[in-house]
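**Student:** With these hints in hand, go ahead and build the complete structure from the sequences.
For the protein sequence lines, the chains are W and A, in the order given. Here our numbering = 1-based position in the first sequence + 1. Here our numbering = 1-based position in the second sequence + 1.
Honestly, I wouldn't trust all of these hints.
It does not matter which identical chain is used: a pair holds within one copy or between any two.
[Claimed, not checked] Below are the DSSO-like pairs computed for lysine-lysine, each with C-alpha atoms no more than 30 Å apart in a straight line: (1) K9 x K76; (2) K9 x K241; (3) K60 x K76; (4) K60 x K322; (5) K10 x K322; (6) K10 x K298; (7) K10 x K84; (8) K105 x K76; (9) K42 x K301; (10) K264 x K42; (11) K105 x K35; (12) K10 x K105.
Read the hints as simulated data drawn from the structure, not as lab findings.
There are 2 protein chains.
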Amino acid sequence: MTIYDISKKAGVSTATVSRVLNGSIHVSEATRQKVMAVIDKYGYTPNAFARGLGLNSMKTIGIMCADSSDIYLAKAIYYLEQKLRANCYDSILCCTGYELSGKKSAMNLLITKKVDGIILAGSHFLYQDDRDNQYIVDAAKQVPVMLMNALMDAPNVYSITSDDYSSTYEATKYLLASGISDILYFYNAVSYSGQRKLAGFREAMEESGFPLDSRLIQYYSGSPEDMDAMVEHLTRLHMKGITFHGILASDDLLALAAVKYAKQTGYSVPEDFSVIGYNNSILVKCCDPELTSIDNKSEKICQHLINTLMGVLCGTEMPGKTILAGELIRRGTTR
Amino acid sequence: MTIYDISKKAGVSTATVSRVLNGSIHVSEATRQKVMAVIDKYGYTPNAFARGLGLNSMKTIGIMCADSSDIYLAKAIYYLEQKLRANCYDSILCCTGYELSGKKSAMNLLITKKVDGIILAGSHFLYQDDRDNQYIVDAAKQVPVMLMNALMDAPNVYSITSDDYSSTYEATKYLLASGISDILYFYNAVSYSGQRKLAGFREAMEESGFPLDSRLIQYYSGSPEDMDAMVEHLTRLHMKGITFHGILASDDLLALAAVKYAKQTGYSVPEDFSVIGYNNSILVKCCDPELTSIDNKSEKICQHLINTLMGVLCGTEMPGKTILAGELIRRGTTR
DNA sequence: TTGAAAGCGCTAACAC
DNA sequence: GTGTTAGCGCTTTCAA
Numbered sequence: 002m003t004i005y006d007i008s009k010k011a012g013v014s015t016a017t018v019s020r021v022l023n024g025s026i027h028v029s030e031a032t033r034q035k036v037m038a039v040i041d042k043y044g045y046t047p048n049a050f051a052r053g054l055g056l057n058s059m060k061t062i063g064i065m066c067a068d069s070s071d072i073y074l075a076k077a078i079y080y081l082e083q084k085l086r087a088n089c090y091d092s093i094l095c096c097t098g099y100e101l102s103g104k105k106s107a108m109n110l111l112i113t114k115k116v117d118g119i120i121l122a123g124s125h126f127l128y129q130d131d132r133d134n135q136y137i138v139d140a141a142k143q144v145p146v147m148l149m150n151a152l153m154d155a156p157n158v159y160s161i162t163s164d165d166y167s168s169t170y171e172a173t174k175y176l177l178a179s180g181i182s183d184i185l186y187f188y189n190a191v192s193y194s195g196q197r198k199l200a201g202f203r204e205a206m207e208e209s210g211f212p213l214d215s216r217l218i219q220y221y222s223g224s225p226e227d228m229d230a231m232v233e234h235l236t237r238l239h240m241k242g243i244t245f246h247g248i249l250a251s252d253d254l255l256a257l258a259a260v261k262y263a264k265q266t267g268y269s270v271p272e273d274f275s276v277i278g279y280n281n282s283i284l285v286k287c288c289d290p291e292l293t294s295i296d297n298k299s300e301k302i303c304q305h306l307i308n309t310l311m312g313v314l315c316g317t318e319m320p321g322k323t324i325l326a327g328e329l330i331r332r333g334t335t336r
Numbered sequence: 002m003t004i005y006d007i008s009k010k011a012g013v014s015t016a017t018v019s020r021v022l023n024g025s026i027h028v029s030e031a032t033r034q035k036v037m038a039v040i041d042k043y044g045y046t047p048n049a050f051a052r053g054l055g056l057n058s059m060k061t062i063g064i065m066c067a068d069s070s071d072i073y074l075a076k077a078i079y080y081l082e083q084k085l086r087a088n089c090y091d092s093i094l095c096c097t098g099y100e101l102s103g104k105k106s107a108m109n110l111l112i113t114k115k116v117d118g119i120i121l122a123g124s125h126f127l128y129q130d131d132r133d134n135q136y137i138v139d140a141a142k143q144v145p146v147m148l149m150n151a152l153m154d155a156p157n158v159y160s161i162t163s164d165d166y167s168s169t170y171e172a173t174k175y176l177l178a179s180g181i182s183d184i185l186y187f188y189n190a191v192s193y194s195g196q197r198k199l200a201g202f203r204e205a206m207e208e209s210g211f212p213l214d215s216r217l218i219q220y221y222s223g224s225p226e227d228m229d230a231m232v233e234h235l236t237r238l239h240m241k242g243i244t245f246h247g248i249l250a251s252d253d254l255l256a257l258a259a260v261k262y263a264k265q266t267g268y269s270v271p272e273d274f275s276v277i278g279y280n281n282s283i284l285v286k287c288c289d290p291e292l293t294s295i296d297n298k299s300e301k302i303c304q305h306l307i308n309t310l311m312g313v314l315c316g317t318e319m320p321g322k323t324i325l326a327g328e329l330i331r332r333g334t335t336r
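**Tutor:** Below you can see the structure in the form of structure tokens.
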């Protein structure tokens, strides 16, 4: 069933059918009715490829993420998809993995598929070395590229991010104010936002006059699903005689591991030991006591991102950088 | 830059360029090199719409899920996407929500977009009333439809599911064998697999000669993210004087709530109270003690599903139903 | 308000 | 092994 069939059955030209299909004003009500009747009768739907060929767009946005099963990214993807659909856009999802090569090839693939824009969900897409970010700059020459939780300066690249620096800064100050000064920073990502978080911690510590002990900045390099390994990482530090009575973690799962460690070691939480997580994910409820965590306003970020993207696609001038404040949500693991 | 430009610059016909592009054998090595040189020089990539128009396929599979941020579905989507990509297929993701209308419109949208197949991830897509499943039957007239964790009889519909019935049956037997007979079944979904799980529980109880107490089959209807409400649901039962010393939950989050309830009520787990979850998700590690859970072999299901789909797309005859066994993973919440 | 017809960029059947 | 050309189904200008 094509537009030709419909036009024949309705006794009009294909142009008229096309006009009806696209809600053009320049069709008499009578013919519109006539055409619609035929369309409904045969359940005709236009061929998206043919339409795409002419319009050079299929109203589709590519979403890239390293791993869609990451609890935080999964939520973000959900929000993005919902809000895109509300704007009559589809999304093609690409899980790229954490390697640069996978990201490059996914990017090429999306451009080949003629998506109208690309969203990079998560800060893993930005590298220290500018040359490694060239793939983003190149892609932006073809379609707008949206960075979620990262910040970059390039034409046609738009960044929307949470203010991770200030969030960890505030959280650290909060721990310090509660009387804990031997705070361990526990992280597992050296991504852009990972660096900002760490910088916020460092600044708060230094500003408060506490000498930074490099042994209290711990990078966990194991699998993000292996909680036992995380706990063991901390236990090993304890064995070595490194002491700390608070942990600021770069995500909630690490924080859960921290709580587990504290309990195993004989501390009671939050009386002798405080823990703060990051993301304010569902995991905060899976902790006993419930986890204090930094809410980075994921949904708000996604909303801004989509609004910006829609603006760009309409040709409106849009801000290249948007930074939103996070919020510390206090629960049972801090006093 | 089109195939015409390339053909002109390379001094060959568009057909030859097309052949090179598609790796046809019928091109001399010399011309292949010549054409490739031009393609590389100008960084040309073929227009996917035009290709799709001719071939009537863009090598894309639609994935529908109610909520991609569901911890279990997120994992499944990740597996599906990876395995599709390995087979040179893209995926369009549609989060439909839990309403039938959302599912129908997503389905129509995917068909309009000419996907080559549709995957329904999760058992929420199947309804009790056959008329409500007509949208699946209709879609299957156009493209193969794959059901993940559901079972349905219809032409061009392929079901791949875990044997939920046997899994809960075995888990119940296991609890009974450990000396607990006042077992509460705690669930939150009346989906197809939800019913199978419940049926397995029922059968095991009846077979063992324990009268089924309907008060020990509890449906939680609140938000899947509101753990407090889940705990409260159980606490209320306890207040009413309904006693139980074991809980079999239809997913891990409910099971976590069950553990929380047990602790709050003064039971020690697993000495006086046992809990078994479902999905063997990352949440099992977030529990103290770690959660015994049924592993429904999500990755295996996804692998089978994609294999079946690829077979169907190649025109191979494929089994309409595949049922895979689950496995009870014993951890700290059972003795 | 409507119709005729020229693209859009690619593939594949057919001819050489 | 290579070229010619007719579609694929839709949109959109230009005429009427």
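**Student:** Going back to the hint list, which numbers does this structure go against?
**Tutor:** 1, 2, 5, 6, 7, 9, 10
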